[in-house]
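S.K.: The hints should help you fit chain B onto chain A, whose structure is shown.
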Amino acid sequence: MSDYLLALRAIFKRDMIMYFRYPVNVVFNIFEPFVWMLPVYFLARSFMVGGENLGFEAYSGTTDFVSFWIIGGIMSFYINSVMWGMGFSLKNEMWLGVIETNWLTSAPVLVQLIGRSLWGLALTTFNGSAALLIAWKLFGFSFDGQIIPALLTMVPMLIGLYGLGFGLAAVVLISNDANNVIDISSFIIRTFSGQEFPVTVLPRVLMAFSLILPVTYAFDAVRGYLIGTRTLLPMVQEQLILLAVMALFVSVGYAVFRRVERSVRTAGNLGHH
Amino acid sequence: MSSVITVFPAVWAVARREFKMFFRYPSWFISLIIWPSLFPIGYIFVCKALAGPNGESLSTYASYSGTTDYISYILIGTFMWMWLNVMLWGFGQALRTEQIRGTLESNWLAPLQKWFLLLGSSVYDMLRWMMFMVIAGIEFYFIFGFRVQGSLWLMLLVVLLSIPSIYGVGMVFASLVLWAKQANTPVNVVRGVMMVFTGMTYPIAVLPQWMQAVSRYLPLTHSIEAARAVAAGSGLKAISGNVEYLLISGVILFILGFAGFGRTERIISQHGSLGHH
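If you read the protein sequences in the order shown, they are chains A and B.
Letter 273 of the first sequence, counting from 1, is numbered 273 in the numbering used here, and no numbers are missing.
Letter 234 of the second sequence, counting from 1, is numbered 234 in the numbering used here, and no numbers are missing.
For the record, the hints were derived by calculation from the structure and aren't laboratory data.
Where hints are given, some of them may not hold.
[Unchecked claim] Each computed BS3-like pair below joins lysine-lysine, with the alpha-carbon atoms no more than 30 angstroms apart:
no.: 1; chain 1: A; residue 1: Lys13; chain 2: B; residue 2: Lys181
no.: 2; chain 1: B; residue 1: Lys181; chain 2: B; residue 2: Lys114
no.: 3; chain 1: B; residue 1: Lys20; chain 2: B; residue 2: Lys181
no.: 4; chain 1: B; residue 1: Lys48; chain 2: A; residue 2: Lys137
no.: 5; chain 1: B; residue 1: Lys114; chain 2: B; residue 2: Lys20
[Said to hold, decoys possible] Computed list of chain B residues with no C-beta within reach of chain A, every gap over 10 angstroms:
no.: 6; residue: Ala10
no.: 7; residue: Val86
no.: 8; residue: Leu109
no.: 9; residue: Pro111
no.: 10; residue: Gln113
Just so it is clear, the structure is predicted and the values come from calculations on it, not from any experiment.
A virtual CB, placed ideally from N, CA and C, is assigned to each residue, including glycine.
So here's chain A without its partners, still in its complex pose:
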């Protein structure tokens, strides 16, 4: 176990060094939260009646669309971070020509994959905090709900996402393509789980799809706790769904990745891209 922690620490440190090696990243990352928040803020303004989003209240139970959106946005940072961190890292290592060498080390591939997401998560936490600060100061973001249950709700979502990340990494190994696989899947998950709007606005077919996605319940419960929106189900039921899906995703994702890993090792095409 301590060997694994050592490997995780080494990967985290390597990714951090590489990140700071490109100062432009650091500078631009400071501006990024603004860039993603402003369009939605102005879109909300174009629908405001007397300074409030009254139309939105009928769907969600709150007129505070900006806070609704910011909570979804920050949770999505984490979804993106895990999916890109695990899926894209493999493609990047293929390009750099180091994937075969890394797989020859004694650190298990799954540990390496998890390690590749850690720096992204740390950065996401920093960016998310900056976004919250900006949103609070400039856009009137506020919440008066329960923060601890909200954070606890996010834990099974994140662990479940790791399972999904294993599955995605397997798809990247098979297709040798990361950008489209990750971009499309993360966009679909985020959009139809209600990152930006209450899923009750969706037509029936799309709403049925959104109710299959576990992240829908995470968005819904966290907003319910923080800003008191109307939830789809009682929040305890939503948390139970998340726990069940977490176990399912991790076990299925793990099994799929191991199978694909064996297959590429046997075929000897790991480094092909």
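M.R.: Frame of chain A; chain B shown alone:
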């Protein structure tokens, strides 16, 4: 100076190489089909939620935008933005990917003006974008019921006039990527800034005065504005101001793009840092 005879085969060779790689990864086809309707759909549902179940907030939106048809409004804005996005990734990644693969220096040694390498990949981007435009048109028509009330030829003119400025921005961007040795973050920021200032999903009338002033300088604002006006049935006279701005800014940005890339090329060659990443 490279002669025309050597230039065309070189440009075509680069474009052909890009196409070969494109066909090698079938998932790119899926993205070409999915993105035109997937990208705007989130914004459309946000508008639907903000408007309310009975459209109670639509009148405010109409007072800013001049229309209650937020679907067409968003489709045009997101379409033009997606075009810029494709170009930014294309120009940005063209050289950056070669740096990572370790092939940029060897390609740089070819006896050609270096911007022909960019031109080759932009020919590929252009052809890919044309496919994207056709697919988007079909999907917008059948999925969202989008109809152009004005002249389709005028719409095509707006698109054609937007090409020089978008390519100019792309060339400036390629230089930036060579300097910064990073493509992802600069793309995210530049496309994000365009998203904020050009009124991709909302009328720029909701922006504060200073932001509206900035947005008037961006060619994409004029492209989106002109395309929306034509879609709503306006003629050439109504968009003449936008057309003039696109013509002038296109020439300026194109020249700036070439000059900036030439200068970057010289400096990077002198420093010997071309292959560094």
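S.K.: Indicate, hint by hint, whether the structure satisfies it.
M.R.: Here's how the hints hold up against the structure:
no. : hint                  : result
1   : A:Lys13 <-> B:Lys181  : holds (21 angstroms)
2   : B:Lys181 <-> B:Lys114 : holds (17 angstroms)
3   : B:Lys20 <-> B:Lys181  : holds (25 angstroms)
4   : B:Lys48 <-> A:Lys137  : holds (28 angstroms)
5   : B:Lys114 <-> B:Lys20  : holds (21 angstroms)
6   : Ala10                 : holds (24 angstroms)
7   : Val86                 : holds (12 angstroms)
8   : Leu109                : holds (21 angstroms)
9   : Pro111                : holds (27 angstroms)
10  : Gln113                : holds (27 angstroms)
Consistency with the previously given hints is maintained throughout, with no hint failing.
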